[in-house]
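Taken in order, these protein sequences are the chains called A and B. Here this note's numbering = 1-based position in the first sequence + 190. Here this note's numbering = 1-based position in the second sequence + 12.
For the record, the hints were derived by calculation from the structure and aren't laboratory data. Do not take every clue at face value.
When the alpha-carbon atoms are kept at most 27 Å apart in a straight line, the in silico DSS-like pairs for lysine-lysine are as follows [what the hints assert, rightly or not]:
# : chain 1 : residue 1 : chain 2 : residue 2
1 : B       : LYS289    : A       : LYS216
2 : B       : LYS17     : B       : LYS200
3 : B       : LYS17     : A       : LYS533
Which chain B residues face chain A? A few, computed with CB under 10 Å, are given here [to be verified]:
# : residue
4 : GLN258
5 : GLY261
6 : LYS263
7 : THR267
8 : GLU335
9 : ILE376
Since the structure is predicted, the reported quantities are computational estimates derived from the model, not experimental observations. Every residue, glycine too, gets a C-beta built ideally from N, C-alpha and C.
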Amino acid sequence: MAHSYTPGLKVLHESKVRKERILPLKGEVIVKADARVTPDDIVARTHLPGSVQMLNVGNLLNIDPTDVEAVMQKPIGSPFSKGELIAETKGIFGLFKSSVMSPVDCTLESISSITGQVVLRAAPIPVEIDAYINGAVAEIYPEEGVAIETEAAYIQGIFGIGGESRGELVVVTETREDELTADLIKPEHAGKVLVGGSFISLAAYKKALSLKVAGVVVGGFNYYDLEDILGYTLGVAITGSEDLITSLVLTEGFGEIRMGSRTFDLLKQHHGKFTSINGATQIRAGVIRPEIVIPLKPEDIKGDIHAIQINEGIQPGSLVRVIRAPYFGRIGTVVSLPSELQKMESETMVRVAEINIDDEVMVIPRANLEMVETD
Amino acid sequence: MTGEKLRTILATDCGSTTTKAILIELTDEGYRLKTRGEAPTTVEAPFEDVTKGVLNAIMEVEELSGLKILDGDQIIHPMKDDKTGVDVYVSTSSAGGGLQMMVAGVVKAMTGESAERAALGAGSIVMDVLASNDGRLPHQKIERIRQLRPDMILLSGGIDGGTVSHVVELAEILAAANPKPRLGQNYKLPVIYAGNIKAQDSIAKTLGEITDLDMIENIRPVLEYENLGPARDKIHDLFMEHVMAQAPGYKKLMTWTDAPIMPTPGAVGSLIEMVAKKENISVVGVDIGGATTDIFSVFQGQFNRTVSANLGMSYSVCNVLAEATLENVLRWVPIDIDEGTLTNRIGNKMIRPTTVPQSLEELIIEQAIAREALRLSFIQHKSFAVSLKGVQQERTISDAFDQSGSGETLVDMMDLDLLVGSGGVLSHAPRREQAMRMLIDAFVPEGITQLAVDSIFMMPQLGVMANIENEDMAESAREAAVEVFEKDCLIRLGTCIAPVGKPKPGSVILTAEFEIPGEAKKVVELRTGEIIVIPAPYQAIRAKLTPAKSMAIGKDKGESHETDIYGGTVGLIFDGRGRPFELSTEKSKRIENLNKWSKSTNEYPDAARGGA
Chain A
191 MAHSYTPGLK VLHESKVRKE RILPLKGEVI VKADARVTPD DIVARTHLPG SVQMLNVGNL
251 LNIDPTDVEA VMQKPIGSPF SKGELIAETK GIFGLFKSSV MSPVDCTLES ISSITGQVVL
311 RAAPIPVEID AYINGAVAEI YPEEGVAIET EAAYIQGIFG IGGESRGELV VVTETREDEL
371 TADLIKPEHA GKVLVGGSFI SLAAYKKALS LKVAGVVVGG FNYYDLEDIL GYTLGVAITG
431 SEDLITSLVL TEGFGEIRMG SRTFDLLKQH HGKFTSINGA TQIRAGVIRP EIVIPLKPED
491 IKGDIHAIQI NEGIQPGSLV RVIRAPYFGR IGTVVSLPSE LQKMESETMV RVAEINIDDE
551 VMVIPRANLE MVETD
Chain B
13 MTGEKLRTIL ATDCGSTTTK AILIELTDEG YRLKTRGEAP TTVEAPFEDV TKGVLNAIME
73 VEELSGLKIL DGDQIIHPMK DDKTGVDVYV STSSAGGGLQ MMVAGVVKAM TGESAERAAL
133 GAGSIVMDVL ASNDGRLPHQ KIERIRQLRP DMILLSGGID GGTVSHVVEL AEILAAANPK
193 PRLGQNYKLP VIYAGNIKAQ DSIAKTLGEI TDLDMIENIR PVLEYENLGP ARDKIHDLFM
253 EHVMAQAPGY KKLMTWTDAP IMPTPGAVGS LIEMVAKKEN ISVVGVDIGG ATTDIFSVFQ
313 GQFNRTVSAN LGMSYSVCNV LAEATLENVL RWVPIDIDEG TLTNRIGNKM IRPTTVPQSL
373 EELIIEQAIA REALRLSFIQ HKSFAVSLKG VQQERTISDA FDQSGSGETL VDMMDLDLLV
433 GSGGVLSHAP RREQAMRMLI DAFVPEGITQ LAVDSIFMMP QLGVMANIEN EDMAESAREA
493 AVEVFEKDCL IRLGTCIAPV GKPKPGSVIL TAEFEIPGEA KKVVELRTGE IIVIPAPYQA
553 IRAKLTPAKS MAIGKDKGES HETDIYGGTV GLIFDGRGRP FELSTEKSKR IENLNKWSKS
613 TNEYPDAARG GA
C-alpha cells in the first residue's frame, strides 16, 4: 500500500504484514474469511469489459449514415461471430450487393445515424487475483477483494523492476560485499529468489533471466544498464508492470554498494524459506517501494510482532544510512541534531545531523539521511 | 479610503507535498507580506483530510504573526479586531496530482491545439490530445481513454456552422470508451463540449446520458479567432464541483474560502497575465519542480502555458538525462567525471528525491541538469506558443518571399522584458548569481531583459487573490496581489544585456555608458566571449548602449539605444557570448570558458575552479 513519503526502509525480523488484494473492477471474492491461502490461490475474480471495435458501415457500404440501421442484419445487443455478416445493402435487383463482416467475436453495441459508425464490443476479459503470500484471509471487501495477513520477516528495497514473484530464498554470496557474479547463478536456481551482496552486472542478470530465476535481491545495479533490460530509458521511477521472469530488488541503489548488514544477515537467516517479492516501485507522492516478504512458520515466531507503521523520524542514537554523495551508502549512528542551519561545502544552508561513521563524526544534511528501521 | 480596503488576507497553496500559507497586511507602505508558514500536505493516508495540513500551516502563521486566526478548526473571517481574524481567506490546490484532463478536437493543429491551450491555461495537465487526424485508429483511441482515466474531458471541433459528423464521431469514440473518472466511482465523468454549435443536439444524444455534459460557446467559432475564456471558466467551475469535491477534506475547505479554489498553475498563470497586462510588457515565467516544469508566457498580449510533464529535478531527473543526453548535461560541467558514476548518481537522486547537494561538485551537476531541463521545456513552450494555425492570410507578392505565416511562435526573445524563475533549484540556489546564470544559459535572452526569481514561491497565492470575483473585495485583493508581487515576491536579480549576432573574436561588441545614482559615470566595453557583471541596485539607471555594427540590442544592427536599465541583487550583466549562443565543442576551450564565466559572475567558490 502507498503511504506518505517518509525516508527510511524497513528491515523487520518479525512483523504482521497485511496485503490488500483488490480487483480493478467489482467482481466476486472466492475465499472465505480466516481461510489459509498459499501464494498461487485465486482469491477474487472479475471480467473487464471487452475491447471495442468501431466500423464505419456507412462509408464501407457507401450509404448515407441514416440508412445504416436498415441494412444491419441483427438489432443492437445481438452477438456476432468473427466473419459473420453484419450489414448488407439490397443491391440492384438483388445483384451488386455490398456487405460488411464482423472482424471479431462481439456484441453489437450501438449504431450512429450521424456518422454511420457501429460499435462492436468483444467478449469480456477475465481477471483473477492471487493471494501473493502465504497467510490467512483477514478481511473480506465484498465484491472488491480481500486482505491477507501473515507473520513475516519484511524487508523494503529502494528500487525494483518486475512485478510480484515468489520462490525459495537462496543466498548465493558469502558476504554482503561480494558481487553476485554470473558463475554463481546455476540451472538449479530456476524458480528461486537469489540474494547477492553488493552488485549484479547486466550479464549476470541476463543469465538469471535465461535460467528463469524468480527474483534477484542485491545491493546495487547500474542505472545505465536498465535500458538494456527495459528497452527504454527509465525517466521516472514507476515500475512493476514490466514483463520480466526475474524480478529485481535493489536494497541500496544504483552502482556497486554493499548490502546493509542487517538486511543481508536477515536474508541469510531465512536461507531456504519460501519468499514472496515484488519489484514494483513508485516514487511520487504516495510512495511504493519494492519488498521482500518471508512468511514465518509458527515455530519461528518469537511473539514480539510489530505492526508495520510509519517511522517517527531521526533521533540521537538512530541508525542511519547516508543516501547522497560524498558519503553515499555509509551507515552510522546519529550523535546530535543541531537546530541551527549550517553551511555545506556547496554553500547550501541546511539542517544537519552529526553522524558517527566508523568512529569518525561527520556533519551531513538531514535530508541526505535515511533511517534504517529495525526491530 | 483605508477603512474600505482589506486589511489582512490569508492565502494557502495546497501542494502535493507541502501546504504553504501566507499572511498579507495593509501597512503604511501598502500591502506587504507579513509572514508565512508551512506544513506537510495531508491529502493521503493516514490523515486523508487536506484541512489538517492547512490548519497546521495557519497555526505557524499565527505563532509568527501574533494574530489570532483560528477558533478551533474555523478560520475567523472577516477580522473582528486588530488582533483577531483575517478579512479574506483564499486557496489554491495541486494536491492529489492536480487537475488531469484529456482534450479532443477535429484537426489536431487547429481545434485540438485550441482545446489544449484552454486546458493548460486553466491550470490542468493535458494527458493526451485526441483528434480525428491524429493517426490512431478508433479502437486505439478508446484504449487510450480507458487507460488514462482523466478528471474531465474538453471536446471541441468544427467552426460554428461547419461539418457535424467529425466531432460527433469523436463523441461516439468517447461514448464507446465510457471512461470512469480518476477519483470516486460514484459520479459521472464531466465532459465540456466547446465545438460547432450545430452539433450540440447530436452530442447531447451521444454523451448526455453516460457523462455529466456541459455545453459552452465554441472555442474556435471561426478559424481566425480563439475563444478560450468560457472554456477556462467552465474548467475552473468543474474542478471545484467535481474533482476537488472528491478529494479528501476539500468539501470542508471549500466552505472556508471566500473565492473558489483554483488549480495552482492556473493561479500562477493568471497572475503573470495580469502583471504583463498592467505593465504592458512581455513576460516569461518558469516554475521548475521535482517532477514537472511549467512555463508561462505573455507575448503580444497573448498568454500561453505549457507543462513539461517529465522534466524535473528529482522524480523525473533521469528523464532530463534521457531527453537532453548526458553529453549535453556534461557540457555545463567544468570538471572531469566518470560517466558511469555520474549516471548512477543521477539515478540515485531519482529514487531518493528529497536529498540536497552537500558537495560543490554535486551542486554543479544539479545546476547543469537544471539548465538542460529549462532549455528543453522552453523549446516545447516555443513550439506551442504560436499564432493560430489554419488562418488564411492575404498575401502580396512580397509576402510570398517572407516565410512567416500562421503557426509561427509568438516567443520573441528580443521583445522579452521580464524573465521570472521559481522552483527550488532557482529560488534556493546558494548564490543568486547561480540562478541568474542558469536562467541566462537556458533561456538565452536577447537584447535587454530583466531577470528575477520568486523568493518563496507565493505566485499561486497571489494569483488566486487576483481572481477574487466578489465585488466588495476584488479591487483591493488585486491591488494587494500586484503590490506584494512587486515588493516581496520577486527578488530582482538585475538586467541581462546581450547583443545579438556572431561577433568576431577579441572585438568590442558593445559600449555601455551609464551612471548609477551616487556613483561616477561608467563606461563598459564588452568584448566577444566575455560576461561582465557590474553591481547595481534595483533602480532606474539611464544608460546609452551602443552595439558594434554587426551586432544588435534592439531591432536593428548597430543601432544605439538610450534607455532605463535596472540592477538587482546581482547587478547589470553584460553577456558578450553572442546570439545564437553555442558552447565550444573543443573540451579544453569549453572548460576554460566555463571557468572564466564562472569567475567573472562570481558563480561558484574558487575551489570549483581549482583555486583559480
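Going through the hints against the structure:
no.	hint	result
1	B:LYS289 to A:LYS216	violated (52 Å)
2	B:LYS17 to B:LYS200	violated (42 Å)
3	B:LYS17 to A:LYS533	violated (43 Å)
4	GLN258	violated (16 Å)
5	GLY261	violated (14 Å)
6	LYS263	violated (21 Å)
7	THR267	violated (25 Å)
8	GLU335	holds (8 Å)
9	ILE376	holds (9 Å)
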